[in-house]
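Here the working numbering runs 8 ahead of the position in the sequence shown, where the first position is 1.
The set of hints was computed from the structure by calculation and includes no laboratory data. Every residue, glycine too, gets a C-beta built ideally from N, C-alpha and C. Just so you know, not all the hints are guaranteed correct.
[As the list claims (entries may be wrong)] Ranges between beta-carbon positions, derived for each pair:
| hint | residue 1 | residue 2 | range |
| --- | --- | --- | --- |
| 1 | A279 | L181 | 48 to 54 Å |
| 2 | N123 | P206 | 25 to 31 Å |
| 3 | L308 | Q63 | 28 to 34 Å |
| 4 | E227 | K17 | 15 to 21 Å |
| 5 | G132 | A279 | 17 to 23 Å |
| 6 | A279 | N189 | 24 to 30 Å |
| 7 | K17 | S54 | 23 to 29 Å |
| 8 | S231 | S118 | 43 to 49 Å |
| 9 | D68 | P247 | 43 to 49 Å |
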Amino acid sequence: MEKYQLIIKNLESAGFRAAFLPFSAIEKISEHYNNLMLSAPNFAKSSAEHFSKNQPPDADFTPTSILVLVLHSPPASVRLTVGGKHFSIPIPPLYLDSDIIYSQIDAAFSSITENGFQTARPKGVSVKLLAALAELGKYGRNNIFYADTFGSHNLIAAVYTNIPYEKPFDFKLSFMDMCENCAICRQNCPTYAITDAPVIDADLCINKYTYRLDPIPNEIPKSAFNALIGCWHCQSHCPANASQAKPSANELTLDEAETRSFLAYESERPAELEAKLASFFNNKHLLSVAARNAALVLGLI
Numbered sequence: 009m010e011k012y013q014l015i016i017k018n019l020e021s022a023g024f025r026a027a028f029l030p031f032s033a034i035e036k037i038s039e040h041y042n043n044l045m046l047s048a049p050n051f052a053k054s055s056a057e058h059f060s061k062n063q064p065p066d067a068d069f070t071p072t073s074i075l076v077l078v079l080h081s082p083p084a085s086v087r088l089t090v091g092g093k094h095f096s097i098p099i100p101p102l103y104l105d106s107d108i109i110y111s112q113i114d115a116a117f118s119s120i121t122e123n124g125f126q127t128a129r130p131k132g133v134s135v136k137l138l139a140a141l142a143e144l145g146k147y148g149r150n151n152i153f154y155a156d157t158f159g160s161h162n163l164i165a166a167v168y169t170n171i172p173y174e175k176p177f178d179f180k181l182s183f184m185d186m187c188e189n190c191a192i193c194r195q196n197c198p199t200y201a202i203t204d205a206p207v208i209d210a211d212l213c214i215n216k217y218t219y220r221l222d223p224i225p226n227e228i229p230k231s232a233f234n235a236l237i238g239c240w241h242c243q244s245h246c247p248a249n250a251s252q253a254k255p256s257a258n259e260l261t262l263d264e265a266e267t268r269s270f271l272a273y274e275s276e277r278p279a280e281l282e283a284k285l286a287s288f289f290n291n292k293h294l295l296s297v298a299a300r301n302a303a304l305v306l307g308l309i
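All chains should be built: construct the whole structure from the sequences, respecting the hints.
Put into C-alpha cells, the structure is as follows:
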C-alpha cells in the first residue's frame, strides 16, 4: 500500500473524508482563476489576485501534493423567547464549528508531520475548490460545496505536503447531478443572487451583510434575513440535504430575560449570560454580530 493510501485510510477511520491532489494541480487552478476573471470579473478579480499573490506557496519545503480533508459540521441554532413565544434561529454549518472539530483537524495534520512529512496551509486558493477537484463532492448551484454523505453540512481543510503523489489530474468542475433540472435554491433565494451562472452574485447574497454591523443597503430587504450569520434559505430547502440533521441538534435556549439582554447588543449583559453565550459562541466574531442579526430575523429593526 502506498503511503498516501495508508494516510487516507487512517484519516477515514477517524471520521474524515480525505483525498490527495498532485501539487501540479496548482497550474490548472491558476488557469481557472484567470478564466473566471474573464467570465465574471466583478466577482472573481479579487480572488484571482489573492491567489496570484500567494504563489509560489510560503513553505520551507518543496510541495509534491495537496491533502484535502472534509469533516461533518452540522448546523446549530439559538432558541429565543419573546412575549412567551419561542423562536429558533439557525446557524448554518461552518460558522459555529466547535473547538473539538478544529482540534480533530489539527490532530490529523499533526499525525502526518509526526511521520516525517511536512505541511503548509494553502493561502489564496479556495478549499472548496480543492475539495471538488479532489472529487470529495461537488458544487451546488448555490455555489456551496456538497460533500458526499455530508451534504452542505461540512467543514473543509487542506494542506500542501511533501507526501509523494503522482496520480494523473484532470481539472473538471460540475454541479451536482440533481442541480441540472432543479431550481429550488433559485426559487428560495430572496435576493435573486442565484442564477444559471457558475457563480452567484456575491453582492446580492445576504451572507455578505451578516458579517458586520454596517447599515443594510436599501436593495437588500431586511425580511430576507433568516439566520444568526450567513443565510439558510438555499441550504434548508435543498433536496441534497434532506437526510441531514436539523439545526435543533445543537441549540442554545435563552429565557425571556436572557433574550432581552441578548438582543440589547449595545448594552452590557449580565456576567452569567455573557459566560453562557461565550461557552456556546466559541466564534467571537459570530457573537459580535449575532444579536443584531437575530433582531433582523425577528423583525425588531
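Hint by hint, here is what the structure shows:
no.	hint	result
1	A279 <-> L181: 48 to 54 Å	holds, 50 Å
2	N123 <-> P206: 25 to 31 Å	violated, 38 Å
3	L308 <-> Q63: 28 to 34 Å	violated, 46 Å
4	E227 <-> K17: 15 to 21 Å	violated, 50 Å
5	G132 <-> A279: 17 to 23 Å	violated, 41 Å
6	A279 <-> N189: 24 to 30 Å	violated, 54 Å
7	K17 <-> S54: 23 to 29 Å	violated, 38 Å
8	S231 <-> S118: 43 to 49 Å	holds, 46 Å
9	D68 <-> P247: 43 to 49 Å	holds, 46 Å
Consistency note: the structure conflicts with the earlier hints numbered 2, 3, 4, 5, 6 and 7.
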